[in-house]
Amino acid sequence: MEELFLSRNFSVKNAHTMPVYEQGGGYVALKKAVTLESQTIIDEVKKSNLRGRGGAGFPTGVKWGFMPKESDLPKYLTINGDEGEPGTFKDRSIMELDPHRLIEGCIITAWTLGLRYGYIYVRGELQVAIRRLESAIKEAYAKGYLGTKILGKDFDFDLYVHPGAGAYICGEETGMIEGLEGKPGQPRLKPPFPAVVGAFGAPTLVNNVETIAAIPFIIERGGEHWAALGIEKNGGPKLYGLSGHIKKPGVYEAPSGITVRELLEEYGGGMLDGSELKAFIPGGSSCKVMLPAALDAQMGFETMRDAGSSMGTACITFMDQSVCMVRIASRLAHFYHHESCGQCTPCREGTGWAAKVLGALEAGHGRMEDLDLLMDVVDNIEGNTICALGDSVAIPVRSYLEIFRSEFEEHVKLGCCPHPAWSIRGTKPKLTKPRADTHQADA
Amino acid sequence: MALQFSPGTETEFIELISRYPTRHAALLPTLFLAQKDFGWISVEVMDYVAARLELSPSKVLTTATFYTMYNKTPVGKCHIQVCTTLSCAFRGGYELLEKLEDRLGIRAGETSADGNYTLGEAECLASCGTAPMFQVTDSHGDIAYFENLESDAALDAVLTKLNERIESLPDPRKMH
Ligand SMILES: Cc1cc2nc3c(=O)[nH]c(=O)nc-3n(C[C@H](O)[C@H](O)[C@H](O)COP(=O)(O)O)c2cc1C
Ligand code: SF4
Ligand code: FES
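Those sequence lines, one after another, are chains F and V. Numbered according to our numbering, the first sequence spans residues 1 to 443. Numbered according to our numbering, the second sequence spans residues 444 to 619.
Careful, some of the hints might be misleading.
Once the Cα atoms are required to be at most 30 Å apart in a straight line, the calculated BS3-like pairs of lysine-lysine come out as [what the hints assert, rightly or not]:
no. : chain 1 : residue 1 : chain 2 : residue 2
1   : V       : K542      : F       : K278
2   : F       : K69       : F       : K233
3   : V       : K617      : F       : K247
Output of the computed footprint for chain F on chain V, the stretches with three or more beta carbons under 8 Å from beta carbons of chain F [claimed, not checked]:
no. : segment
4   : 480–492
5   : 503–515
6   : 578–590
7   : 606–618
Hints listed in this document are in silico derivations from the structure and should not be mistaken for laboratory results. Ideal placement from N, C-alpha and C gives every residue a C-beta, glycine not left out.
Model the full assembly from the supplied sequences, consistent with the hints where possible.
Here it is in structure tokens:
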């Protein structure tokens, strides 16, 4: 790819500081934005075909259009930096290596929609990201890009970092708002949507880190330019995180619409020596698993759906022939059960049942009837819960069972798992080991 | 003994509450400050935080127990958590956990008798491209990521570094 956008500063030394960021053209977009009308900017964002990078792919310009113009309460911006979807590690790079990009995007967004306060919700483990964002915010205040009368305009905006405290469910937008308010991260029933009643009862915009980091470029180059860097309905380049059994795992910038094969071969260096691709997960563990036959699918929300899965966070996990699909499904069910916030019975109980049944199957204690039981369990979760975490377990688990049914049956017939290890160099797996989460005992 | 934030923490706390429209919203970061000063989040610490934020103790309790980063029982001076989610598991996350069990002489979920180390698992820590990895949270509340720990040499280098520092760290059990 010729010109880099989102990752252009990733290898620039000290790009997380104001002087270096400004030398590279930083905050020029902000200065341009404050000369533009709100509606002009919203139209540019619509034209750009920018899609939400948190996983759902909602068109960003459309979401912005939902924000009420008038409000008695101050309106809020909340940035989702909770990055917890298994296999996903892209927003962390932006926050650690190019924090000003995100901050500039926040200020432009606030100008456009009349937002008064902003919070960047960063998962608490990412202390480097938190420190860098906080010091970059300080620099932005010192420059007059944050605070009151920004750039001499009738424009006040304050921006803060809010640390998460270890809960995957706070990645869900209303769970995140609960966490911002100091409460347990239990998602809210929608409607009302955050644009109407969000943080502190006020209209609130929720966007992902990578989504907002793209805004300065759209202002600078125009929406059409951004759209042209992608495919139909999916504008711009984006970040792809590649991991698993590949030679060069990492975060790479590439156009929307690139194929999985190109990502694997040209960016990820191909599979490890001795490894053959068995399956991949295209965008975090909530997506359906895919087979090598789908390698030529394009990374876009519609194209991945048509290929039988979803783009999700576009962080792809590649798995080789040593991987047991029953174990993957079991490990994932365990994850979602652990992370369920517990308010909906189908999710709380269903994830527990799925984890139990899958654990037994993987250990070789399963029966053939368990496969139907498992299908029943996930059918009862899907669509019956407050938030999408329920679907996030039902949809992938069903896909493992449908696509790799013979592996499940083999476990039952053999009475054990035929795949000896997690990793290609590995020893024996230890899925049956009791959970070592020392925090859970008293929770 | 009545609990009291250290002077430095007190300054941070005052700045913190100015960031939010409600005191309740300052609860997550305030619990981190409390854990930094008092080592772990006991009922006594929850009561102190409740008083400082003018919240009912039950509100503090429900939040403190919901989030896994608050230790409701003390852990070791260094809390090592190995990521064992998919991408890490594929690159040796479980093997790393076993090696640590051998090196530290404790099983996952346990704390060493001297109170130095607690070993555990973590779910995906947004480090999947540099697997296998673990995070270490020390008793000051500082978190460090150690990544690309496929080789024994890489692991040994990290453990040596941790061992050199461990004497200078306070024991969470004795911090309040
Ligand atoms: C269980 C669950 C976890 C989620 N985790 C994240 C996350 O870590 N980061 C994120 O940006 N979005 C996450 N989302 C999506 C958010 O709810 C929301 O759609 C997104 O932040 C909106 O921003 P966007 O439109 O810019 O993508 C999650 C959703 C669910 C249901
Ligand atoms: S679906 Fe699960 S995680 Fe979501 S609100 Fe219901 S119980 Fe909580
Ligand atoms: S799977 Fe270990 S950091 Fe993501």
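Okay, the hints, checked on the actual structure:
1. V:K542 / F:K278: Given that 30 Å is the threshold and the Cα spacing comes to 28 Å, the pair holds.
2. F:K69 / F:K233: Distance ~26 Å between K69 (chain F) and K233 (chain F) Cα, so the pair holds.
3. V:K617 / F:K247: Roughly 46 Å between the alpha carbons, so the hint for K617 (chain V) and K247 (chain F) is violated.
4. 480–492: violated (count 0)
5. 503–515: Held - the segment 503–515 of chain V has 10 residues with a Cβ nearer than 8 Å to chain F, which meets the minimum of three.
6. 578–590: holds (count 4)
7. 606–618: violated (count 0)
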